[in-house]
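Q: Residue strings, one per chain:
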Amino acid sequence: MDRKKILIAEKEPNDVIELRKALVTAGYEVRIATNGAEALTLAESWRADLIVAEMRLPQMDGPHLLHDVRNLPALQSLPFILTGSLKTLEERVSAMKLAVDDYLQKPLDPEETVARVESLIREAELRATVPDRQTRGFGGSLGEMSLVDLLQTLEVGNKTAVIRLRHASREGMVFITDGQVVDALLDDLETRRALLRMFTWREGNFQVEIRAHERSRAFTIATRDLISEGMTRLYRWEQLSNQLPPLQSMINVNGEAGKAKLTDEENGLLQLVRKNGSQRIIDLVEESQYDDLRALTVIKNLYERHVLKALPWTDNPLNGEPRPLLKPLQKNGQLATDLISSAFQATLKKPAHAAARQHDRRRVDRRQDDRRKHERRRDSQDRDKNHVFLNKSELILIREKLLQK
Amino acid sequence: MRIGEIAVLSSGNEEKQLFIKSVCEYLEITTENITFGRFPINEQLVLHLYGLAVQAESPAVAWDLLAKKCLGYIVLFPWQDAGALERLKPVLDLLANKYEATMVVAAHMPEGNRPVPPALFENSISLTAEGKLMFCDARRPASARKVLLALIDSLLEKIA
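As given, the protein sequences belong to chains A and B, one line each in that order.
Per the working numbering: the first sequence = residues 1 to 405.
Per the working numbering: the second sequence = residues 406 to 565.
By construction, these hints were calculated from the structure, which means they are not laboratory data.
Here a beta-carbon is modelled for each residue, glycine too, at the ideal position from N, C-alpha and C.
Wrong hints could be hidden among the right ones.
Partial pick of chain B residues on the chain A-facing surface, computed with a CB cut under 10 Å [said to hold, decoys possible]:
(1) Q449
(2) L450
(3) M514
(4) K551
(5) L560
These stretches of chain B come out as covered by chain A in the derived footprint (C-beta under 8 Å, 3 or more residues) [unchecked claim]:
(6) 475-486
(7) 552-559
Okay, chain B solo, but in the shape it has when bound (with noise of 0.2 Å):
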């Protein structure tokens, strides 16, 4: 069996639960600050999905645990929560300077409030060379695998 292993980050327990729950479809492991999901690809193949919840008083938590091994990232934080990014900020910086891991943010949002245009749930944006940028709404299964989807063709351009 070949796994593949992704990390979604995220400022609190909600966004990276209900993200990994509409890709896998259900939790396999759910404990205070960690989530796991499984989502198979074909019977030798299947990605895990560990959800983490990165604290605000230890945002250095142990990353080479999971940098040394996953294929990229997910970083979510709730749009509605100015500071929500800023407890990101030590994460993100982290995994671009040490890792240069390959990673998408996105910016949790029901899908019709505004400001988000919808067509912007469509598309993700290049902010830098590893990073991209997109909205979701982590309850929809297609917009969370929409996350999934710019990952894998981020990682897939990264070794064309």
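Next comes chain A alone, as it looks inside the complex (with noise of 0.2 Å):
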């Protein structure tokens, strides 16, 4: 395989012939550029997989070395680092607004360093692999956000997009066109009871593409009433809820009810109950000729009257339910979280290459562990010296202050 090529613009070579010597032993090919102008043909003949390079460089700085890399075509994305020891507001805010890829305050640490540069190479070659996304969006559990909460923020924000929402084995859609709702699909149900169908769907899940559609509008009521109407339907079907078992509870005919007087939709419904056997209350809504909120209705009164009868259920954390960090939010009422919740989650997962050997991951961690450690050592040493780390007293102090105001 071949190496991948580094190369390092400093004035002062002696200053990084410990990082010149830990990268090589990494296993990559260096070379050194002692001024800007030389770093950035160097770049480009020598075909660098990646810079690090110090802000102040003889003859083109380091800032104006990446502002030139990033406007060659063959190597506006390659990965930079800028190196220095920059102390005074002006030079931080300066240095905010470069499209560089990492920062590292001088004196530079060799290890650091190097798990700095194999953690950009890395992530530059999986974007090599991986093609741009044609569509964007968002998706997560109807449990977390139903479609009244979609249907709001897409309102709020204005956007254009294509909902698809799957539930048991059913799978509709509903359009959108700049935040208005203009049609909806569900398998061969009416546009408006399609949708309707769909408010009270809390199963399932749900994915939005932020993309243009060629629907025109179906709907002729506005989408501010039709997401009223949707939270009437949502409320009146968490009451109806509040009155049954778990809807993913197992029901079946009450053998011992006896013969009891049943309207025709009461009939209907048992004889569905009947013919599947043992099944869950959401799937015989599902299952129903009826209007959802209706069923529901019809199996809350066979349920009070014991013509139907809930077989024990176990509570499976899984089974449809929200996870645990949610919950406080569903509490209160408030549905529309995924969203964010899904962010964090990124967060706490690191990026892998497909193709990274598992030594390599190893090794990577490995760095990325000592690279951490190093790094709390150093932070712990600088906030014994540096004034910007307060000690608790000090922020009882600001959270005092925070109360008064």
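Put the complex together from the two separate chains, hints included.
A: Dropping the structure here:
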């Protein structure tokens, strides 16, 4: 396998002897340029895979080198690390504006720098193998974000999008243009009924695709009114649900109930239960020919009159229940957090290079652990000499001040 | 003089500016994507708030500059913009994985707007060991200070 090429731009080569040694040991090919212009020429002709450049370089400083690199089509996505010893606010502010991949404060720690180089090289390789996504969007569980929440979010954001909802074996679609619901599809249901049916889906998942579509407006009713109707239905659904065992519970006809007097609707539903045997309440609702709220009302009436009985239900946390993380929000009636939650989850996952060999991964993990230890050690040293890390009593003072205001 | 530095990161200029102005009462420096405000605690202690707009085209900016010195981070995004959080993901990733930083993620949403019930403006919710989630109205000083308070509480928990 070709060795990756690292170009170091540093006016004092003696300052980077240790870094060079560490990079070579880690398997990289290294060259050093002593000014910005030379670094730019070498980056192109030598086809460097990454540049580590000092802020203050002769002829062309680090930010100018970065600017020129980003303006060359062949080099514009080249990973670029700036190094320096910036002290003033102005310096920090101007460095913030640079399109740099990483910044390292001098003096450089060779081990830490190698870890950063490895990480950026891997990211660049990953970028090269993953094509850009054509469709932007987000997805999640309907238990955490209902259709009402999705419509509200897209309405406020004035988005054009397609929402796909999956519930049991059914799949529905809702088409949004500039935040307004224009059409909905579910089996062969009429547009409005299709949407109303999906409002009460609290199991399953959704996918929002932020993209244009070709559906024209099939709804005559304003989206705000649809959302309002959806909220009412959701509220009513939850009221009914609270009067029943969990909707994932199995239900069957109670053989001891005797011959109760039943309406046609109730008889129709019972026939379905008799035909299918024990089944989940939620599945019974889906299979019935009635509107979902009506079906749940009938089930509730039959259950209260002991014509239907629920089988013992085990509290399986994965059985449609929200993750514990999101329960506080749900308790407060807030359902729209999946997007944030998934973003947080992403922060806990390290990007893994598909092609990385296992021993490579272990080596990088070890390095990352070492780097973290090193950073913690250095941070704790900083804390002793640096005024910016405050102690407990100072934090308490800040807290009191904030509470006073 | 003792100084504590806090970075306020947002997907656009507006949220971090509103936030820092709400906490500090006025802004000392405002450039295209940097905002700076000072929040004096007493004669010996002051908080410096650096507001940084995270550019979509260059998410991996030189966070080291702040990471080595900041007490913690407040990450703001407008609730109604589904793409904003997506743009901030690289920053969240960096803060959580590289720096193990203390942070509060706050969804900016003017109060009264659905779907967030008022009670959620009062409390933060722990999502990870280092991160909390809140809703806030960055225009309102009381609401912005609650986010800052959540961050200070996290720092106190960390050193307890």
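Q: All hints are to be evaluated individually against the structure, with a verdict given for each.
A: Verification of the hints:
1. Look at B:Q449: its Cβ gets to within about 9 Å of chain A, closer than 10 Å, so that hint holds up.
2. The closest approach between the C-beta of B:L450 and any C-beta of chain A is roughly 6 Å, which is under the 10 Å cut-off, so the hint is satisfied.
3. Because the beta carbon of B:M514 sits about 9 Å from the nearest beta carbon in chain A, less than 10 Å, this interface hint is met.
4. Taking 10 Å as the C-beta cut-off, the interface hint given for B:K551 holds, the closest approach to chain A being about 8 Å.
5. Hint on B:L560 holds. Least Cβ distance to chain A is approximately 6 Å, under the 10 Å limit.
6. Residues of the segment 475-486 of chain B lying with their CB closer than 8 Å to a CB of chain A number 5, which satisfies the three-residue condition for coverage.
7. Closer than 8 Å: that is the beta-carbon criterion, and the segment 552-559 of chain B has 4 residues meeting it against chain A, so the requirement of 3 holds.
Of the numbered hints listed earlier, not one is contradicted by the structure.
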